[in-house]
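Enquirer: Next come the chains, spelled out residue by residue.
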Amino acid sequence: MKLSHITEARPLRRSQRVLAFSAAATAVVFALAGCASSGASSTSTSAAKKSFSIAFVPKQLNNPYTNVELSGGQKAAAALGDKYSVVGPNTASASSQVSYINTLTQKHIDVIAIAANDPNAVCSALNQAKAGGAKIITFDSDTDASCRSLFINQVNTQSVADVEIKQTAEQIGDQGQIAILSATANATNQNAWIADMKKDLATNPKYAKIQLVTTVYGNDDDTTSFQVAQGLLQSYPNLKAIISPTTVGIAATARYLSTSSYKGKVVLTGLGLPNQMRQYVKDGTVKEFALWDPAKIGQAAVYAAKALEAGTITGKTGDKFSAGSLGTLTVGPDNTVIVGGPTEFNAANIDQYNF
Amino acid sequence: MSEQATAPVSAAPAKLRSRGRRVWLGRNANMIYAVVLVVILASIFVPFFFSVTTVNFLLIDAVPILLMAMPMALIIITGEIDLSVASTAGLSAAVLGVLWENSHAHGNIWVMFVICVIVGAACGAFNGFLITVVGLPSLAVTIGTLALFRGLALVVIGDDAVADFPTDATTFVTSTVPVIGVPVFMVFVLVVVAIFAVVLHFTPFGRALYALGFSKEAASFVGIRVGRSKFTLFVISGVISSIAGIFWVLRYSSAQSDSVQGLELSVVAAVVLGGVSIFGGSGGIVGVVGGVLIIRTVNYSLELGGLPDTVLTIVTGGLLVISVVAPSVSARIRLARDRRRALVHSGEIAKP
Numbered sequence: 632m633k634l635s636h637i638t639e640a641r642p643l644r645r646s647q648r649v650l651a652f653s654a655a656a657t658a659v660v661f662a663l664a665g666c667a668s669s670g671a672s673s674t675s676t677s678a679a680k681k682s683f684s685i686a687f688v689p690k691q692l693n694n695p696y697t698n699v700e701l702s703g704g705q706k707a708a709a710a711l712g713d714k715y716s717v718v719g720p721n722t723a724s725a726s727s728q729v730s731y732i733n734t735l736t737q738k739h740i741d742v743i744a745i746a747a748n749d750p751n752a753v754c755s756a757l758n759q760a761k762a763g764g765a766k767i768i769t770f771d772s773d774t775d776a777s778c779r780s781l782f783i784n785q786v787n788t789q790s791v792a793d794v795e796i797k798q799t800a801e802q803i804g805d806q807g808q809i810a811i812l813s814a815t816a817n818a819t820n821q822n823a824w825i826a827d828m829k830k831d832l833a834t835n836p837k838y839a840k841i842q843l844v845t846t847v848y849g850n851d852d853d854t855t856s857f858q859v860a861q862g863l864l865q866s867y868p869n870l871k872a873i874i875s876p877t878t879v880g881i882a883a884t885a886r887y888l889s890t891s892s893y894k895g896k897v898v899l900t901g902l903g904l905p906n907q908m909r910q911y912v913k914d915g916t917v918k919e920f921a922l923w924d925p926a927k928i929g930q931a932a933v934y935a936a937k938a939l940e941a942g943t944i945t946g947k948t949g950d951k952f953s954a955g956s957l958g959t960l961t962v963g964p965d966n967t968v969i970v971g972g973p974t975e976f977n978a979a980n981i982d983q984y985n986f
Numbered sequence: 005m006s007e008q009a010t011a012p013v014s015a016a017p018a019k020l021r022s023r024g025r026r027v028w029l030g031r032n033a034n035m036i037y038a039v040v041l042v043v044i045l046a047s048i049f050v051p052f053f054f055s056v057t058t059v060n061f062l063l064i065d066a067v068p069i070l071l072m073a074m075p076m077a078l079i080i081i082t083g084e085i086d087l088s089v090a091s092t093a094g095l096s097a098a099v100l101g102v103l104w105e106n107s108h109a110h111g112n113i114w115v116m117f118v119i120c121v122i123v124g125a126a127c128g129a130f131n132g133f134l135i136t137v138v139g140l141p142s143l144a145v146t147i148g149t150l151a152l153f154r155g156l157a158l159v160v161i162g163d164d165a166v167a168d169f170p171t172d173a174t175t176f177v178t179s180t181v182p183v184i185g186v187p188v189f190m191v192f193v194l195v196v197v198a199i200f201a202v203v204l205h206f207t208p209f210g211r212a213l214y215a216l217g218f219s220k221e222a223a224s225f226v227g228i229r230v231g232r233s234k235f236t237l238f239v240i241s242g243v244i245s246s247i248a249g250i251f252w253v254l255r256y257s258s259a260q261s262d263s264v265q266g267l268e269l270s271v272v273a274a275v276v277l278g279g280v281s282i283f284g285g286s287g288g289i290v291g292v293v294g295g296v297l298i299i300r301t302v303n304y305s306l307e308l309g310g311l312p313d314t315v316l317t318i319v320t321g322g323l324l325v326i327s328v329v330a331p332s333v334s335a336r337i338r339l340a341r342d343r344r345r346a347l348v349h350s351g352e353i354a355k356p
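If you read the sequences in order, they're chains C and V. Residue numbers 632 to 986, in this note's numbering, belong to the letters of the first sequence in order. Residue numbers 5 to 356, in this note's numbering, belong to the letters of the second sequence in order.
There could be a bad hint or two in this list.
[To be verified] Not the full set, but computed from the structure, chain V residues with beta-carbon under 10 Å of chain C:
hint	residue
1	ASP163
2	ASP168
3	TRP252
4	SER258
5	ASN303
6	LEU311
[What the hints assert, rightly or not] Which chain C residues stay away from chain V? Per the calculated CB distances, all over 10 Å, these:
hint	residue
7	ASN694
8	ALA710
9	GLY804
10	GLN808
11	ALA823
12	ASP827
13	ALA941
14	ASN980
Calculated from the structure, these hints are not laboratory results. Cβ atoms here follow ideal geometry from the backbone N, Cα and C, with glycine treated the same way.
Based on the sequences and whatever the hints tell you, model everything.
Expert: Set out below in structure tokens:
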């Protein structure tokens with residue numbers, strides 16, 4: 632009885648104070664939110680019939696690769712006079728993508744372009760958005776095919792796997808242990824490439840002496856990738872090469888290799904951004920790596936969105952649409968649009984690229 | 005209970021006033037005012053906020069936090085903490101995923117739910133054993149199991165993502181009551197909340213938890229079984245966490261190793277913001293529900309306002325710090341004031 636006496640009486644004033652504090656804090660925060668969104672709402676309500684709103688939901692914000700991709704989308708949207716916005720989580724998680732999709736549904740955004748962190752987890756939210764009238768495009772990392780109209784893919788999955796294995800095999804003389812350092816364990820695109828690489832290794836007799844020892848995950852986080860790379864080399868002292876088909880992973884691994892005794896001895900290939908990889912190519916840590924121009928994906932997504940909105944295409948196989956400087960793109964099997972092939976970067980050509 | 009009438013008038017009006025104060029100015033009432041205030045502010049400032057869709061989207065994401073916040077509140081009231089709740093939920097989600105993938109042709113999903121809940125209870129019992137029997141601090145133990153259970157989830161399900169859960173289950177979980185937009189699953193959550201409220205506020209077991217939070221020694225001296233109470237709470241926490249994990253799987257139609265990752269922070273923040281003292285000994289269920297609703301409303305309005313995730317993290321962290329700091333600052337101010345008053349009364353300081 633006495634104890635509950637104390638608990639009843641004491642927090643009375645405290646909670647009033649908390650109330651005052653939180654009220655003040657939330658008022659400030661909402662004023663912020665209001666400012667941030669007032670621009671958006673005014674343009675969307677006064678939007679002319681022909682322009683539309685497109686919102687990109689990348690796997691995560693503040694990822695250099697994503698930023699290049701989005702810059703292409705932003706430029707194309709500006710050129711077409713459409714309303715462009717980006718929302719997304721800080722960490723590559725599917726559940727927070729769902730929250731953002733929900734907000735887009737509520738704002739009646741015309742087209743949602745998403746790179747899915749999980750092919751299924753975002754589906755029900757996307758279907759809700761579709762029911763609200765939105766068109767869904769995936770880019771980079773696909774959802775289940777039933778949840779979207781179109782998938783804008785960088786390149787053919789097989790051609791990425793082929794280039795990765797070819798570059799690696801050349802440098803290690805077609806034999807020895809290799810490992811893969813991927814992003815998250817559920818990343819759709821990474822897993823598709825890895826599956827095709829495994830297929831290459833298993834079917835091509837030229838690669839019979841190459842042994843894929845393990846696949847590890849750096850979660851597209853720089854520190855984690857760095858530590859995982861370090862651990863990999865400790866656990867497999869005979870490792871000849873690491874393939875990292877993610878820009879975060881390859882940059883972190885290159886940074887580790889360049890400061891370790893493995894520099895120049897262990898081969899590193901994968902998908903990297905020229906600007907991030909330039910110093911490692913020049914100091915000899917990395918001989919060659921591959922990528923495509925990510926900006927083209929954003930650009931293609933915006934043009935595809937426009938065509939879908941205008942009703943000139945529905946996303947079925949064989950549909951064609953004009954994509955500005957990219958020329959005419961064709962919708963291939965599985966409602967997939969392929970933007971282009973991978974480019975290989977090495978010391979000879981890397982200075983020609985700036986992204 | 006309390007008749008701390010300060011006014012030097014007759015007894016009857018003082019009593020009336022204190023009852024009125026309890027209803028309109030009590031801690032619980034304050035949390036409700038705070039929720040209403042936050043919702044009004046959001047409706048004014050954030051475009052599109054004022055709609056039925058908001059009710060649906062906001063509450064469905066509040067479900068797992070609200071569930072986990074219930075046992076968390078009780079645990080924090082006893083002066084302990086359970087940081088492994090999200091990992092326990094993640095492990096249950098992974099177990100459900102693997103069970104479903106391997107046997108859905110001939111398995112009953114209800115049996116799988118029961119197995120998941122048993123897994124959750126086992127996780128809680130493991131925490132409880134280390135804390136009450138071995139006598140380790142709960143903060144250290146549950147930070148350890150936060151990593152351990154997440155690791156086990158990865159072992160169980162690997163890099164798989166199981167997705168083909170039965171559509172009647174997934175649509176039920178995401179379905180809403182028409183017109184008002186409240187998720188149907190909220191009914192179950194409200195039942196859980198009601199049970200926790202009754203247990204905490206109206207049973208000897210619940211009242212003993214406050215005593216425990218004040219002083220473990222005093223509590224055991226007056227006959228409260230300290231170890232058993234705490235052990236029970238951690239097992240309940242594991243059970244509720246695994247239910248939250250099952251909900252998560254069905255809500256997203258996806259079970260994978262990183263399901264429910266990082267939610268423990270929102271849960272602790274909501275509980276502490278809801279007026280539960282992080283040092284134990286005080287707090288109530290209505291306040292905790294208010295805390296959850298405030299955090300969700302603030303987060304959802306920021307998302308709707310198009311602010312980046314970074315701002316969300318900062319705001320959640322800020323709210324957590326404020327709710328921990330504010331009570332001790334105000335306690336210190338009050339202490340200083342009371343001391344001054346006492347000095348004035350005893351005549352050591354001249355009245356101004």
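Enquirer: At 10 Å, judged by beta carbons, does ASP827 (chain C) keep clear of chain V as stated?
Expert: holds (16 Å)
Enquirer: Given SER258 (chain V) as an interface hint, is its Cβ closer than 10 Å to any Cβ of chain C?
Expert: holds (4 Å)
Enquirer: Quick check on the hint: TRP252 (chain V) CB to chain C CB, less than 10 Å?
Expert: With a closest approach of 8 Å, the TRP252 (chain V) hint holds.
Enquirer: Run the C-beta distances from ALA823 (chain C) to all of chain V and say if the shortest one exceeds 10 Å.
Expert: holds (13 Å)
Enquirer: Could you let me know if the closest chain V CB is still more than 10 Å away from the CB of GLY804 (chain C)?
Expert: holds (30 Å)
Enquirer: Minimum C-beta separation from GLN808 (chain C) to chain V exceeding 10 Å: can you confirm that?
Expert: The assertion about GLN808 (chain C) holds, with a minimum of 21 Å to chain V.
Enquirer: Mind checking the CB of ASN303 (chain V) against every CB in chain C and telling me if the closest is under 10 Å?
Expert: It holds, given that the least Cβ distance between ASN303 (chain V) and chain C is near 8 Å, below 10 Å.
Enquirer: Quick check on ASP163 (chain V) please, does its C-beta sit within 10 Å of some C-beta on chain C?
Expert: holds (3 Å)
Enquirer: Once the closest CB in chain V is found, is it more than 10 Å from ASN694 (chain C)?
Expert: holds (12 Å)
Enquirer: Far enough from chain V: is every CB of that chain over 10 Å from the CB of ALA941 (chain C)?
Expert: holds (26 Å)
Enquirer: Is it the case that ASN980 (chain C) keeps its Cβ farther than 10 Å from each residue Cβ in chain V?
Expert: holds (35 Å)
Enquirer: If you take the shortest Cβ to Cβ gap from LEU311 (chain V) to chain C, is it below 10 Å?
Expert: At about 5 Å, which falls below the 10 Å cut-off, the nearest Cβ of chain C leaves the hint on LEU311 (chain V) intact, so it holds.
In summary, the structure agrees with every hint in the numbered list given earlier.
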